[in-house]
Structure formats: structure tokens, C-alpha cells
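A.B. asks: Now for the letters of each chain:
Protein chains: 2
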Amino acid sequence: MSQTDNNRHRWCVIMCGGVGSRFWPYSRVDRPKQFIDFLGTGRSLVQMTYDRLTPMVDPSHIVVVTNARYADTIREQLPDVPAGNILLEPARRSTAPCIAWAAWHIAAADPEASIIVTPADHLVTREREFEKAVLDGFDFVGRNDVLLTMAVTPTRPETAYGYIQIGKPLGENFYKVKTFTQKPKKEMAEVFVSTGEFFWNSGIFLWKASAIIDALAAYAPEVNTPFADNRDVFGTAAEAGCIARIFPACPAISIDNVVEKATNACVETVAYGWNDLETWSSLYDISPKTRDGNVTQNCQVLSYNSSGNIFCISGDKLVAVDGLNDYIIADAGDVLLICPKIHEQDIRHIVNDAKVAYGDKFQ
Amino acid sequence: MSQTDNNRHRWCVIMCGGVGSRFWPYSRVDRPKQFIDFLGTGRSLVQMTYDRLTPMVDPSHIVVVTNARYADTIREQLPDVPAGNILLEPARRSTAPCIAWAAWHIAAADPEASIIVTPADHLVTREREFEKAVLDGFDFVGRNDVLLTMAVTPTRPETAYGYIQIGKPLGENFYKVKTFTQKPKKEMAEVFVSTGEFFWNSGIFLWKASAIIDALAAYAPEVNTPFADNRDVFGTAAEAGCIARIFPACPAISIDNVVEKATNACVETVAYGWNDLETWSSLYDISPKTRDGNVTQNCQVLSYNSSGNIFCISGDKLVAVDGLNDYIIADAGDVLLICPKIHEQDIRHIVNDAKVAYGDKFQ
Numbered sequence: 001m002s003q004t005d006n007n008r009h010r011w012c013v014i015m016c017g018g019v020g021s022r023f024w025p026y027s028r029v030d031r032p033k034q035f036i037d038f039l040g041t042g043r044s045l046v047q048m049t050y051d052r053l054t055p056m057v058d059p060s061h062i063v064v065v066t067n068a069r070y071a072d073t074i075r076e077q078l079p080d081v082p083a084g085n086i087l088l089e090p091a092r093r094s095t096a097p098c099i100a101w102a103a104w105h106i107a108a109a110d111p112e113a114s115i116i117v118t119p120a121d122h123l124v125t126r127e128r129e130f131e132k133a134v135l136d137g138f139d140f141v142g143r144n145d146v147l148l149t150m151a152v153t154p155t156r157p158e159t160a161y162g163y164i165q166i167g168k169p170l171g172e173n174f175y176k177v178k179t180f181t182q183k184p185k186k187e188m189a190e191v192f193v194s195t196g197e198f199f200w201n202s203g204i205f206l207w208k209a210s211a212i213i214d215a216l217a218a219y220a221p222e223v224n225t226p227f228a229d230n231r232d233v234f235g236t237a238a239e240a241g242c243i244a245r246i247f248p249a250c251p252a253i254s255i256d257n258v259v260e261k262a263t264n265a266c267v268e269t270v271a272y273g274w275n276d277l278e279t280w281s282s283l284y285d286i287s288p289k290t291r292d293g294n295v296t297q298n299c300q301v302l303s304y305n306s307s308g309n310i311f312c313i314s315g316d317k318l319v320a321v322d323g324l325n326d327y328i329i330a331d332a333g334d335v336l337l338i339c340p341k342i343h344e345q346d347i348r349h350i351v352n353d354a355k356v357a358y359g360d361k362f363q
Numbered sequence: 001m002s003q004t005d006n007n008r009h010r011w012c013v014i015m016c017g018g019v020g021s022r023f024w025p026y027s028r029v030d031r032p033k034q035f036i037d038f039l040g041t042g043r044s045l046v047q048m049t050y051d052r053l054t055p056m057v058d059p060s061h062i063v064v065v066t067n068a069r070y071a072d073t074i075r076e077q078l079p080d081v082p083a084g085n086i087l088l089e090p091a092r093r094s095t096a097p098c099i100a101w102a103a104w105h106i107a108a109a110d111p112e113a114s115i116i117v118t119p120a121d122h123l124v125t126r127e128r129e130f131e132k133a134v135l136d137g138f139d140f141v142g143r144n145d146v147l148l149t150m151a152v153t154p155t156r157p158e159t160a161y162g163y164i165q166i167g168k169p170l171g172e173n174f175y176k177v178k179t180f181t182q183k184p185k186k187e188m189a190e191v192f193v194s195t196g197e198f199f200w201n202s203g204i205f206l207w208k209a210s211a212i213i214d215a216l217a218a219y220a221p222e223v224n225t226p227f228a229d230n231r232d233v234f235g236t237a238a239e240a241g242c243i244a245r246i247f248p249a250c251p252a253i254s255i256d257n258v259v260e261k262a263t264n265a266c267v268e269t270v271a272y273g274w275n276d277l278e279t280w281s282s283l284y285d286i287s288p289k290t291r292d293g294n295v296t297q298n299c300q301v302l303s304y305n306s307s308g309n310i311f312c313i314s315g316d317k318l319v320a321v322d323g324l325n326d327y328i329i330a331d332a333g334d335v336l337l338i339c340p341k342i343h344e345q346d347i348r349h350i351v352n353d354a355k356v357a358y359g360d361k362f363q
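Just so you know, the protein sequences line up as chains A and B, in that order.
When we follow our numbering, the leftmost residue of the first sequence carries the number 1, and every step to the right adds one.
When we follow our numbering, the leftmost residue of the second sequence carries the number 1, and every step to the right adds one.
Calculated directly from the structure, the hints in this document are not laboratory data.
Hints are supplied without guarantee of correctness; some may be wrong.
Just so you know, same-sequence chains aren't split out, so a pair can sit in one copy or run between any two.
[Stated by the list, open to error] Okay, derived cross-link-like pairs now, SDA-like style, lysine to any residue, Cα gap no bigger than 20 Å in a straight line:
hint : residue 1 : residue 2
1    : K341      : S303
2    : K355      : L318
3    : K317      : V295
4    : K361      : S314
5    : K341      : S307
In this text, all values refer to a predicted model and were calculated from it rather than measured experimentally.
Just chain A, with the same shape it has in the complex (with noise of 0.2 Å):
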């Protein structure tokens, strides 16, 4: 098959619902963290994500999977998305039933075509080598009939990520899964990665749209039948009132419970520079730093005694701090938050609080 072929028929879905509470209070309920320019770059983290996909993925087949209330937000982030192009969720139900969703959506335009399934709100930093890696993950799908995963080459011990263990090697950078295991304890993660065999699974996969069509069926049926039952209102008028009906009814289940029972499972290690952003620590871990080893977004800082902090402003702010250490300050206008970087995992707990406390006016 020509590169030009491989052009004509490569996709890309944009998984983008996530209402992460991580970030709070500078992501929202209304604004969760895809859409917001947190690198102070002038572009959303879901537009970075489509501004990486566009050189090697054409806009009209780019998909876009969000949930039906920021469908305006999609629309004024990414104006060049073809509406049709934007698979409104009607309730949340984990990655599979999207995927299934889209992979019906894609089949139907295009039964030859290649996809690659990407979170909207993760950051890549070395784009060349992540182009290369795109590249030749869709010319390994085009070939085979396998489920792909970019797996990142761990840079240290990290018990947040899932792991998958490298085995029979199918080319350079491709492998077979040996084992898939979800975040290890410290000491478990501390061997893998000395080993050289294991490596992160960065929730980027890489499939024909027939091949996780198959996977689906075979190992997630209660998902993948009802989009095999109406398979015919896929780019039809009929397709939304259908999934109106049918979504809802899916089970939440995630793309890795299929991937890890899959026996065409394959990996592509990657190294291009890869952070989840799942947290204010990974945020402050990727960002450049001050002299005195603040991160600040959007604000000024004038600090004293003060280092390890992330400052994550809304407007143009001075701030002045003395004395803070290891720090998320994060000030959304209506919120400020000031928390330990070490307890924001309890952030969520804070964000159930304010619940409680306020309602949803500071959700």
C-alpha cells in the first residue's frame, strides 16, 4: 500500500469528555482542563493535541468524542472539524463504548480506515519524534490486523501509570504485550523499570477501524452489539436518535479491559516526551521553572524563602509569597486554592466539600 493510500485512509478520534476534578478549581465542571490554555501558549491542550495530529491527519478526518455539553466549546476550539465530525456523548460511560462509537462512525466512511485514538489532554513535547512514531504506527496497522499502544520509555518509577511488558520483537520500536499490569507499588515499579521490558502505557492507540471493530465483538460484546445491530445509521441522519437510545444502555467499561484480553495486543515504544498531565505535580514537573524552582502560569511571582511552588493564575496577577514550599497556588477568580503538592490527591475531597457546602457554584 502506497504512502499516499496510507494518507487517504488514516483517522484520528479525540476522546474529550473528561470532566477531571484534578485541577480544580482551575478546571470547571464548565471548563474542564482540555480546554484550557494551561501552558500559557495560547492554545487549549485539546488544540495542541489536534495542532499535533493535523500534520499527518487530515481535518476532515479528525473526530472529535466529547460530551454533549461542551459541544459549543469544541466547535469555537476546533472551527475546521467538520460537524459531522463531532460525536456528541449523551451520558459518560468510559472509553470503550467511545471508541466503538467512532470506530461504527469512521467504518462507515471509511471501511480501509486506520485510526488513532488519542486522550484530548495530554502533552508531547518532542513533536518530530512523536510524527515519526504516528507514522510508522500507522503504517503497522495498515499492515497488520493488530491493536496498537504507544508505550512510553519510563524515566522513573511511577506507581500512577499502567505498565505493559514488552515481548517478541515484531520491527524496530514494535513489539508483542507480554503483560499489561495497572499502577505497581513502588518496589514493583522500581523493577520494571530497571528491566528495559516494561513501559508505560500512554493511552494512545492505534488500529484499523475493522480491527477493534473485532476486538469489541469478540471481547466486549454487550458493548460493541448494539453498534452492530444499527449499523446502518452510521453517517446517516438516523445516527444520533440511535445513539440517543442506545448509548446510554452501554456498559462504562475502558478500552484497556479489551486491549489486555486482546491476542493480537502489540506496542510501539515510544519516547517523544509524554506526560498525562494527570496532576498539579506533572503540570509543575513539565513546566520550566523560575530561578528559585517556581512554576508560575499567568501571574508574576515576587518570591522569598519560597521554591517547589506552582502558581497557576487566572488574569494578570502579581503574587508575592514568602515562606511556601512545594505549593499548588492556584487562583481560578472565584477560587483560590493553596495546597501541599504532596496531599492533591485529597484536592478531590476539597472539590466534594465545596459540593456540599456551596452546591455547584464552585464546580
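Keeping the supplied structure of chain A fixed, place chain B upon it in accordance with the hints.
C.D. replies: The following block gives chain B in isolation, referenced to the frame of chain A:
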């Protein structure tokens, strides 16, 4: 002299020219502390001072001395003070020139005037006791040619205040002054408090206009002479022009220097819940606390593992704080300050650094 006569000759001078930076960023050059509703009562400190005095002094006898830049603010905040009673200093020259001008101005209208001189920005918590002390003080200075300082029973060995040692009793709560001591060291302050002979200099004075003019003539002639040489202008259309000429040439001398030299210095000992509100800590100390031991001004606080903080926030904001103890958290809209209370003396350095870095923008 009858009570009615006394009442007729009672005057008040509110010294309102401060531009203190210790409450930065909440207090600013354009909105110094005395004009802020610091306690969330709906009245600024100068309004609270005015409200405290009007039961004893008619608004037509209240004179406000302030900097020319605050003329509009005074007119807005104290609309019942006659325009002719607002004395606008063309330059900042400490308290002796301010008090000299006010005394000459009042003496021109009422040669028998007795005057209470008070800072605009102190706090009194027990107003009934304050009222009794002021009435007793007016009575005392009406009958005696003395310089009377209100001296507060100390409640702790404070090192930031001046102390007055009392001498010969002159009636209930009235004494000759034995010594003045500026800001003693801790050990000395502890001795002072333990003896029961030492009181805090509150900076509130009472005297006849003639008595303070005599004292200025004797102990600060370089301040008094320019006013004495122009005694005919006060209360006339020529006053402002004369002041514009003579006031900037006055040396910046504190009234303390005059009172300390005077042989007729007396004190009235008082215990009406006085706080000079010079620092964030003093505001913390006098404010009601949450169950967690925090002080919250103009904001809702969700507090976790946090105590001893003072939150002073502009706008109706939610603050969520974890693991922060004994800090000042002040948000003035364009500036956020986070600083340990024990470092509050360094805030003026921060203000200066902000000036160096950003000019007048955040001053």
C-alpha cells in the same frame, strides 16, 4: 465651667494622612488603610473613628487633616464634615505640623477650644468606656493647662509601642508623666508590664488649643513660628494659599517630641480595648476566629490542617487551604500576598521590590 460650655468648646482632629504599606496589598497608595472597611462592618476605619467621636463632638467641630490626594475620599466617606474642616496637607510632614495647623485653625474659630487628636485608623472595641474616658479627658484639659495623652493599660509586653511611666496622681485615672520610653526591648517591656506603672502611648491626645500652641512655641518653634506669623489667615480665604507656602517648609517632627519635652505632660490611663491596627497580626488578634482558629475577611474558607491564618480577600471568594499555619493571605484583586505572620515586618521590602520591578502599578 458647665457641661454645656464644655460641649460647645469640644473639638476633634482626625489625623488621616497615612499611606502605610504594612497592609499591602490590601492597603494601597490610592486607598490607604484608614479608608478600608477592614472589619467588614460596612464602615471604614476613619468612618468608625468619626462614629466613635460624634457622640461627644458635633460634626461641625470635627476637623480632618489629610493629604490633598484623599480630599475626594474624605468628602465621600465623611459627608457631614464641613468642607472648611477638611485640611489638605500639601506635603507629608509627620504629626507636629499637622497638629499645629489644626490647632491654629481651630483656635481662630474658638480660642477656648479643647481638642481631642486621634489617628484615623485605630480600633476601639469598648466604645462606652472610650466615651467616658474622652469626656473625663475633656473635663480634665478644660480645667488644666496640660498636654494629656491617653495611655492604655498594657495586656502584653509589646515591643512595638511607646511606653509612658506614670508619676504623681492627679485624680482618678489621671497622672503626671514620669518618663516616656520608645519601643523597649522584650526584657524591658516585660519589666514595664510587671510594675503596673507603665502604659502604652496610644497616640490619642487631649489639650486646649492654646495649650498645644504654647507647647509648640516652647519646644518646636521651627514648626510653630510660620503659623504664629500668619495667625490672621486661619479661617479666611487666604488660609490655603498661606499653607501651600509655609507647610512644605515645616520640618517633619513628631508630636511625641513636643509632648516628651513638656513639663505639663499628663496621662489618662484607659482600658477601652484599643488596637493601633498597625499590622496584620494585630488585625488577626482582635478579629473573631473560626473554629479552626483562622480569621476570614470577605471570604468563605474551606480549611484543612490550617490554623492561625488571616485571610483578607477582596470580592466574594472561596478559599480552600490545606496545611498552612500562621500566614497572611491577602488578595486585593490584582495582587495576592502569602506571607508568614512572623515575617510581616518584611512586607514593606516586598512592596519596595514590587515598586522596583513594576513601578507604581501595584503600589
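A.B. asks: Each hint needs a verdict: does it hold in this structure or not?
C.D. replies: A quick look at each hint next to the structure:
1. K341 - S303: Result: close both inside a copy and across copies, 17 Å intra and 16 Å inter.
2. K355 - L318: So K355 and L318 pass the 20 Å test across copies only (12 Å; inside, 29 Å).
3. K317 - V295: within (14 Å within a copy, 24 Å between copies)
4. K361 - S314: Intra 18 Å, inter 18 Å, cutoff 20 Å: intra and inter.
5. K341 - S307: Intra 12 Å, inter 19 Å, cutoff 20 Å: intra and inter.
Of the hints listed earlier, there is not a single one the structure fails to meet.
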